[in-house]
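Could you build the full structure based on these sequences and the hints that come with them?
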Amino acid sequence: MRYLPNSPSDRAQMLNEIGLKSIEELFNQIPEELRLKRPLQVPGPFSEQEILEFFREAAKESSREYVSLLGAGVYQHYRPVVIDVLLSRGEFLTAYTPYQAELAQGTLQALFEFQTLITQLTGMEVANASLYDGSTATNEAVLMAMRVTRRERVVLARTLHPEYREVVRTYLQNLGVKQVEVPYATSGQIDLAQLESALDLETAALVIQSPNFFGSIERVSEIAAMTRKCGALLIVAVPEPLSLALVKEPSEADIVCGEAQSFGVPVAFGGPFAGFLATREKLVRQMPGRLVGQTVDSQGRRGFVLTLVTREQFIRREKATSNICTSQSLCALAATIYLCLLGKQGLKRLAEHNLAKTHYAAEALASVAGVEIPFTAPYFNEFVVKTPGSAGALLEALREEKIIGGLELKRFYPELKNHLLLCVTEVVRKADIDRMAEVYRRFAAHSRMQVTEGEFQVAPAGQKN
Amino acid sequence: MRYLPNSPSDRAQMLNEIGLKSIEELFNQIPEELRLKRPLQVPGPFSEQEILEFFREAAKESSREYVSLLGAGVYQHYRPVVIDVLLSRGEFLTAYTPYQAELAQGTLQALFEFQTLITQLTGMEVANASLYDGSTATNEAVLMAMRVTRRERVVLARTLHPEYREVVRTYLQNLGVKQVEVPYATSGQIDLAQLESALDLETAALVIQSPNFFGSIERVSEIAAMTRKCGALLIVAVPEPLSLALVKEPSEADIVCGEAQSFGVPVAFGGPFAGFLATREKLVRQMPGRLVGQTVDSQGRRGFVLTLVTREQFIRREKATSNICTSQSLCALAATIYLCLLGKQGLKRLAEHNLAKTHYAAEALASVAGVEIPFTAPYFNEFVVKTPGSAGALLEALREEKIIGGLELKRFYPELKNHLLLCVTEVVRKADIDRMAEVYRRFAAHSRMQVTEGEFQVAPAGQKN
Amino acid sequence: MTRNEGLIFERSSPGKTGAELSALDVPPVSAKEILGEEFYRSEIQGFPEVSELEVVRHFTRLSTWNYGIDTGLYPLGSCTMKYNPRVNEAVAALEGLATDHPYTPESLAQGCLKVLAQAARCLIEITGMDSISLQPAAGAQGELTGLLMMRAYHKDRNEHRRYILVPDSAHGTNPASVTIAGYEARNLKSNDRGCVDLEELNRAMTGEVAGLMLTNPNTLGIFEDQIQEIARKVHAKGGLVYMDGANMNALVGVARPGEFGVDVMHLNLHKTFSTPHGGGGPGSGPVAVKKILEPFLPAPIIEEDAEGFCRLNYDRPKSIGRVRAFYGNFGMAVRALAYILAYGPQGLHQVTEDAVLNANYVLAKLRSAYELAYDAPAMHECVFSDRRQAQRGVRTGDIAKRLIDYGFHPYTVSFPLIVPGAMMI
Amino acid sequence: MTRNEGLIFERSSPGKTGAELSALDVPPVSAKEILGEEFYRSEIQGFPEVSELEVVRHFTRLSTWNYGIDTGLYPLGSCTMKYNPRVNEAVAALEGLATDHPYTPESLAQGCLKVLAQAARCLIEITGMDSISLQPAAGAQGELTGLLMMRAYHKDRNEHRRYILVPDSAHGTNPASVTIAGYEARNLKSNDRGCVDLEELNRAMTGEVAGLMLTNPNTLGIFEDQIQEIARKVHAKGGLVYMDGANMNALVGVARPGEFGVDVMHLNLHKTFSTPHGGGGPGSGPVAVKKILEPFLPAPIIEEDAEGFCRLNYDRPKSIGRVRAFYGNFGMAVRALAYILAYGPQGLHQVTEDAVLNANYVLAKLRSAYELAYDAPAMHECVFSDRRQAQRGVRTGDIAKRLIDYGFHPYTVSFPLIVPGAMMI
Ligand SMILES: Cc1ncc(COP(=O)(O)O)c(C=O)c1O
Ligand SMILES: Cc1ncc(COP(=O)(O)O)c(C=O)c1O
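Chains as they are written, first to last, in numbering that gives the first Met the number 0: chain G, 0 to 464; chain C, 0 to 464; chain Y, 0 to 424; chain D, 0 to 424.
Simulated from the structure, these hints should not be mistaken for lab results.
Wrong hints could be hidden among the right ones.
Stated by the list, open to error - With a straight-line Cα cutoff of 25 Å, these simulated SDA-like cross-link-like pairs (lysine to any residue) come out:
(1) K36(G) <-> Q345(Y)
(2) K232(D) <-> A203(D)
(3) K290(Y) <-> R192(Y)
(4) K347(C) <-> L6(D)
(5) K347(G) <-> E32(Y)
Just so we're clear, the structure is a prediction, and the values are computed from it rather than from any experiment.
As structure tokens, then:
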């Protein structure tokens, strides 16, 4: 087989040197009755060409011919060619976790740069070298806050990504931790009055997201003040960190976590991505995951090592700050390369393009009679639209035009029937936005007609506000 | 601009250190009246995305949805993924010509391996580190033979690739060298009787191709004996060196040259490819192009260097064996990687697949009434078909089925009207061959009907033999 | 070659960039106006400004300081490092697979869903289990997921158990996961063969114990040949058997955990199934279970109907919930499937044979120089101790660093903890 | 890191392979029967047998012994080494561009043909010439092609000229090409400014001389500022001016050879237009000409009609013929066009500015330590001499090797030949 470097004669010779007569003897340890007596029922062997053909066939059954307005925690951005060229270097791609620092300075320095970039973006003092993704990073932040505060009650904004909340729930339910959710206001932001009453002196942490799941930017400073008052930590999750190039960094937070997928990591049906977690220097010992530190070798040259490993499970075992071991280094490296390429000005310009396109789209849709933009808070590259009639039917109509028109919010927010969450990044063209608005227009006109004519309709267009 | 590492402030500072006031002053050497006073009229600047879009649009206007039976010096073979991964390593891709051996051992050793592989394939003793392509390699072989024999008459087989012959003609016409062409016999091979009379004691070289332009394998041993008799060198050109995995190597030749494109180099509309040239040890000083040799450093470790550079133009200037400088190293590297991957058994199996598919196709077509396989000599992965009716019309019919049915030979051989040259490599599927045969069948039936009905027809189907 | 390379920030100079945008095709906006003073950020302080050339050169140079499978042998025990086929990277990058959004309507995402379903089917066949979730992002998360399912299982039966038994040779993530799952880890001493001590197990396995977390072959490279007896004892007390499948490389095609009493296990696609380690991830840690645990799998699960149409089923009332957003590290499932397809049944068996052969060859070649921790034939790895060398003051860490001097990546150092001066190969 | 790596042949062992084929979908055949004893070859002796892993590792390790633009600076004079944008590789590899066969019917190959036509248009604009052929595979072949056209031109006018004047500072390929074109090279001594000596030219330029082969800026990095006068003298005697365009990097957007008397010139796409050197090729050496030489261009030429449809025109009775099969190194034209598009007009001007600025900066910084060969402001490169260092026995070659010790690629050593101990940066 083409991947295996032993030839038949190598094998015979090795067996001989070990003093065995047959390959079967190698498995003598395994009780006879436990051995599989038949070949595995899996397809193959495939040649390389056949593998490519197999997956090319699969890739055809995809949305690749469609324009997509989906965001909701996963963002389509243009990925410069250089990223994959560098990631494909065997020294990065096929390297082990950098325990042997002498053989991993490349990975270590790159992760150190990743950490630095994340602190610059988030306004925090230290960041770790990646977690699994945004959802688990948020959960790790919650667990960390509980360790720091030694409290067992957590308050979550309802505008935190629903799947992030689900992950937190899975982890917390076994630890007997109380969870409280705070609803949103008509602005689309967290309801500050309700938040006030939800926070108490038992609260370990408040978790908000900004821009939140509806795209609305949260008032982090005010919220931080409220949180601080009761001794809880403020955790700000940022699934779309491109926003941080234009939106004020949540530097009043205690922990900023999120998802670095936006930075050059493919959408890839939801993973692999790269979670990040940044915090204040003084909390670093409770931080989960790996941390790369700068040091100096015996000849005074700069070097990098995994630091504070005593928090980790190799040494602390059941008392570790987290069980995470293998994380998402290569995706963090992709993000590092991406951020270096874009740089200070590039990232800002890109964020401006996202903002411009998103607001162009919002205006184009808002100009259609019957369409509403329900939330009033400022937003970055995502916003919510109330559709003129059934959101499902509208999505169908858009799909016929090869447009995936966003996410139906009722899936996660039953009260938001006929509301769509739309994301407009730089890869969506004006022409496509115009085409989408045109479908809205036709659809709205058709819905109105149905009302006028009193015909059956899936979702009554008149049922507004 | 994203490729340029100088920032505006770097530039200002550098100007300052040079003692200049403005960038314009840098160009003071160029007389005012010679300076271009307007911006160049070229498109751009394009973002990376725009560049990709531009070329993706161009790539759409291609034959990529078609099954192709074209060969004729350029062969479609499957290219293992590993090749491009390794070629994209900056140390290979962006390296300069290996004049500084200490900084180029990677390229040098790989080229040494290329040379070794070529000698093994061709049965020669030494090979160079690549020439531009098969056509210029053939021409260089001719010039080399003239230097060796100090004669000025060259005999070329008419079954040598027509474009190779054109290149030789371009070079020789200015040197006042006499060229003679020898026709082919009914077997598709060179006409040995005619060859006998074409060779004389003035002849520097005979150039044949095997498998030749019609796919027919030449009787190299016999031809070598004839050539040797009159003191000329035998040059064998091999544009499809995959054949050498199954077809006896032309070890009786004096020079074997050809094209390594088959070995993992993309078809790429005709280039870049990699010519090769191999010969006997004793002729090495007359060999054109670069040669990598093995040596030993001061500590006894193996190393590689460019050797026999005294033949080359840096030192010999107008007396050099060739003017070639930059050649095709990266393509030679691709071929080296390809050959190492396939290896002894893989290459042989691949050649067997080519042979099997080609003969399957030939039989499938020959079974169609009115189709003929005119040449009788054994062939590898190319053969000639006489079409039942107009070859042009048949190609049109095939094109409607998304098949490019081969090359019309009348383009180069006016006497071969309604003859197609077909190549069937491993990438052509049985189903496509069957589909092609079906088109032939329909086409033949239609042509016959037209004859029966006495209608006008482009090419009379009855006009056989 | 000598290569110094500073931090990328040190190359920064104002006005440089390594990426430029396409012309904006909608009217520009004022971010300051839209966002307002309260939210507007004018600058990311300290952010680098470098050209594309400098980025390429920086990371190329950094990479040359790394060791990887592509540059040499990785004789690591526990962390199976195998060739990472490049075609796997190519297929994972295909437009359609690399570009579908996780919320793409199911009818437009059949390609991705079928890949997941097919990968799941293969892994179930290989493990001999009944069902699987590809959601966990790495081995440790797989462990946690499995433990939470054990918890949910007991709870569903109205049992409240507090402990998980973990052998002392176990990887650190095992006890760490136990804690996060809300359990207490109880240490289980190994016997003199390096295996689970049945006596110890008898004593420890009470009605308060939710289950046993076992690695098989264990971290000494030894197959727990009494696994059936072990499972019987655990099950007899109402417990469940969790298997850490990090070492499945020694078993694929040869034996199936589903057939020796394992109730739940994880796999590491970045070990056994060749997805690249990437300098510390991404990985993927699917969890496979027996029927009894199926209701508790993380939601959603993928279901394929008779026509081959795949759906995500979220209607899983007993599910432990999600452990990660979306469907796990999809891209790793693509690669693992490509790996399985490349080998096919015989090929996978051959891999296992070669792994075990290689380990035993190493064992045979080194046993005269180094002391074996436990004298038993190896499965896919073997563990030596530095005992002999330590007498002259040379410890496992020193030997490892000396290997580096010779251009080799060392073995796994000082693990498992039960072997003094462990050298795990 | 220490890396030893033998020849790939040394890893070979019977039965291994690094590539496997898809199942054969037609009946197998016996090669021996089909080909017969006379032609059948049973084995390629000595051919390697290694696995994919070993191939990847072998070439990865070899690559680490190389220096490249991606790993550091290349201060080479004459051979412009610039950043090789990676997007260029990506577009050259696009299915359709990388896969079209050269004999694809024109109607199905419009994409490739349009790329060639567009690249040609841009290069004509940049050089200020009238027409171009992209057929030559590198600079040296460009030279030859140009010389053959000069020959054809004279022949067409029934003139038979024997000599080509070549300045002594010229690159070795120039005189070598002259010989292959059937001419004799006549050496032209440079004056004390390193430029063409007009007196010498007056003497040498006779009716037997077919033309002058000039490099501008010349190999000393100096612009031949009397180029108009030079051209006038050559033309007055019925000769033609050939320009070696290897140094066009100093002129793009600033001055156009077509406007200073050049009749024919070549470009090196692998120098000025960023296509990668690849350790010694592939390159591309398009030849641009003035109207008078157009009929002699190699056939075919590409023509675009009013509707934008591109055709290959083979009907060129006065053409010198082909210099290479097919249409030249197409893939290099793709990359060069991508380069031009990325920069646009202002960007290309900026590149030239930066190149000249950098060279003059180097000159300013080093002139106190090394002796300038000719004291003139530099264009895109400058040439020092080791004269001062040589007094203590240190020669240009030694200084170059010492630079290697520090991890730098050295300058161009001992070229041009007219400078003793040349250090060309
Ligand atoms: C035996 C064992 N269990 C668990 C793990 C943890 O797996 P992961 O790093 O994928 O979280 C590892 C590897 O690191 C291991 O070797
Ligand atoms: C001035 C000059 N002329 C001609 C050439 C030859 O070009 P090529 O190597 O592309 O054949 C070179 C470069 O090697 C050169 O520097």
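Identify every previously stated hint that the structure contradicts and give their numbers, smallest first. Of the numbered hints given earlier, the structure breaks just one, which is hint 3.
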